[in-house]
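Assemble the complex: chain A is given as a structure, and chain B must be docked to it using the hints.
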Amino acid sequence: MSMHHILKMPRSRLMLGAAAVSLALTSAASAETLRWARVGDALTMDPHSQNEGPTHTLNHHIYETLVGRDVDGKLLPRLATEWGISEEDDSVWVFKIREGVTFHDGTAMTAEDVVFSLDRARTPPSGMAALHAAVEEVTAVDDTTVHVRMSGPAPLYVQNLTNTFIMSKAWAEANGVETAPNFAAGEEAYSVRNTNGTGPYKLVERDPEVRTVLEVFEGHWGDAPEVTEIIYTPISEAATRVAALLSGEVDVVQDVPVQDIARLEQTDGIKVVRGPENRNIFFSYDMTSEKLASSDAADNPFAKPEVREAMAMVIDREAIRQVVMRGESQPSAAPLPPFVNGWTEEMHAFPSPDVERAAELVAEAGYPDGFSVTLNCPNDRYLNDEAICQALVGMLSRINIKANLVAQTRSLHFPLIENWETDFYMLGWGVPTFDSQYIFDFLVHSRGGAYGAFNGSRYANPELDAKIESLATMTDLEARNAVIAEIWDQVMEDRVFLNVHNQVLAYAMRDDINLDVHPENQPRMTTVTFD
Amino acid sequence: MIAFIIRRLLQSILVMLTVALVAFALFRFVGDPIASMVGQETTLAERAELRDALGLNDPFVVQFFTFVSRALVGDFGISYRLQQPVMELILSRLPATLELALVSGILAFVLGVGFGVYTALRRGGWLSSSIMTVSLIGVSLPTFLIGVLLIWVFAVELQWLPSFGRGDVVDLGGWWRTGLLTESGRASLVLPAITLGLYQMTLIMRLVRAEMLEVLRTDYIKFARARGLTNRAVNFGHALKNTLVPVITITGLQLGSIIAFAIITETVFQWPGVGALFINSVRFVDVPVMAAYLMLIALVFVVINLIVDLLYYVVDPRLRMDRTTAGH
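First to last, the protein sequences are chains A and B.
Just so we're aligned: the first sequence equals residues 1 to 531 in full-length UniProt numbering.
Just so we're aligned: the second sequence equals residues 1 to 328 in full-length UniProt numbering.
Okay, chain A solo, but in the shape it has when bound (with noise of 0.2 Å):
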């Protein structure tokens, strides 16, 4: 702008402009704006409906839960101080509440609250259900005390509880939302769209797919965040999300395409961060029918320990990893991540294939020309999942077993799964109640009522289910993790499962930015911190 303009301009305006000049510097110190970007948005703002990833993580900026989990897998105290298994009684957990929480409608947050939120947490339709279902009765003992009261001893109920989350009774019932909504109603329910939390943040601004904009809420019980302001964008295109972090319209992407990560680190002004991610992935097969659906083998070549060994054999970990995964994953022969309890260093440990050894093995089990079967994979759930396959029926080739890939989309893999109708199949596995209980309820225990929903091996050893129901009531520790340890060495000696490796996450931010990657995939915007 000339000179001449300036001086023309009304005297007024000028004015305006130098306080606008001046406010923007001094908010500049005192308010920092984080635009996040990822894959998807979450499905819905109620914090009981869905239990799934992208829409907890970012719930847990608006609500909070009793207890959270630290990026090291830890428990850490949220509105919840202190909990512990009543001495009087071995199946009532005691929860010490918070004192001077305020929802962002002003409104004191009490224990009756933290029993509403509780028991509509654990009734149907809510997604959330399934995590409480071992639980009778919550009360309140007092304005800061609440029992939980479960149908037997539940030594690691508390571990349930990381993505269950505390809203206002009294801001539920007035907009009559005191259940979950439910799907079949066919109506919007009003928590869908709008909340009231005690977390560290509010929702301005909810407009799915689309934009979500966050606000501090100066009332809240914790120090006082750096960001102050988050933007919330889904972009679900690899390359576009990518650009728009090289462009500088966004600041944090999660998601990040394993092929961009080494170019992403080679740009200036841009930095990767990584760690492990609490999911595992594994293929399995049916061990048990008296033949395979898909197999040209008169009987069911998985059933022999033979054929197991020879896969285990064969597959090439260390070329998965370099080749397929461009270096980002961890592989590993336990099929649970390396920080679930029951992991040992000997289930990680594997031995570099040998290819002869496993073709003399397939041979000795009866099948000298081979056999073929069908592998079903998903081509939109995992990392590279669908490459994964197509690098494990190139090693399975070299010792004659034929396998015939079939890579579709998720909603066609997971049914699959669980109506038995695949013989040999990926899946990935996360824990999040980071103990090796959850993997065995439903992967190993033998299917029936709440146990063995993904147990697509057929696998079924009356022992071993026997000791599996026993470990959720065990409330001596270290006696339970002896049996643990026992169930593993049952199921590694089997060989189940055929661990491939765990998942490495990687989040790509402008480097003045720091932010640590957490296990479940929820990054917790009140940690960042600027340079």
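For the record, the hints were derived by calculation from the structure and aren't laboratory data.
Stretch by stretch, here's where chain B covers chain A in the computed footprint (C-beta under 8 Å, at least three residues):
id	stretch
1	39–52
2	207–214
3	231–239
4	245–257
5	409–418
6	446–457
From a predicted model like this one, the values you see are computed outputs, not experimental measurements.
Don't be surprised by glycine CBs; every beta carbon is placed ideally from N, CA and C.
Chain B in isolation, oriented as in the chain A frame:
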């Protein structure tokens, strides 16, 4: 005229019903919505219960009948994924798609006709040849690639334009949010509109050029020149006007395609329209949204075809003549 419109409307209803039937038949192959709707802890019994409650176990005919009878009163149910009423969801996304489609349609038409006329008149000129060559890129490169290329050049390298989203929007009357009235909204529109319109522009340009070359050879153009009319009057008044009937048909039909195939452009640019909504719904097996979207697209094609037919009347006097002087 009225009889014609009524006849077309009846045909349209039949088309819509057929689309609904085909769409429903296809949904059975997209997968199981329950898998995406519940957490991994949900027991098999609870999954079966939810499937029952949503009517997914009902026979095909029952599901289809329920859908059609509800759709007739504008009730498309609630999204499995976003838990919002489907109608509201689609109506809130529609303005973004329509604005994008309209702008890229206008862009394609204006530039397509302009370049088409130019290349027909200046055949063999170096500019014409280069326009023809560059336009080849428009038809041969996939939309996805063009979008990504434009993002890398104009958003990442030059940093002139935004790489994603729709910018700031202004609410008009509570039911239409427009990005055309803000600077960031207009800037956000440029790259997606070019990406979406490039193919159509090339198509229109080649069509206009071919038609023009055809018409310029006809006798009446020679007579017009012989009468000493100006070049302008000959080229635009006589030649161009007579090429427009096929061009209008194609443009009209292409407008439908632009809306329908905005899916890819919207996904690349994270444009918050109905196309991106549809893609996300397919990934989640959100049957209510997929069904409503396909019905909407069918409706768009039906309406556009109707308008195109009516436009023939306006542009081509022979059609009107045939009706009024039938039997001679």
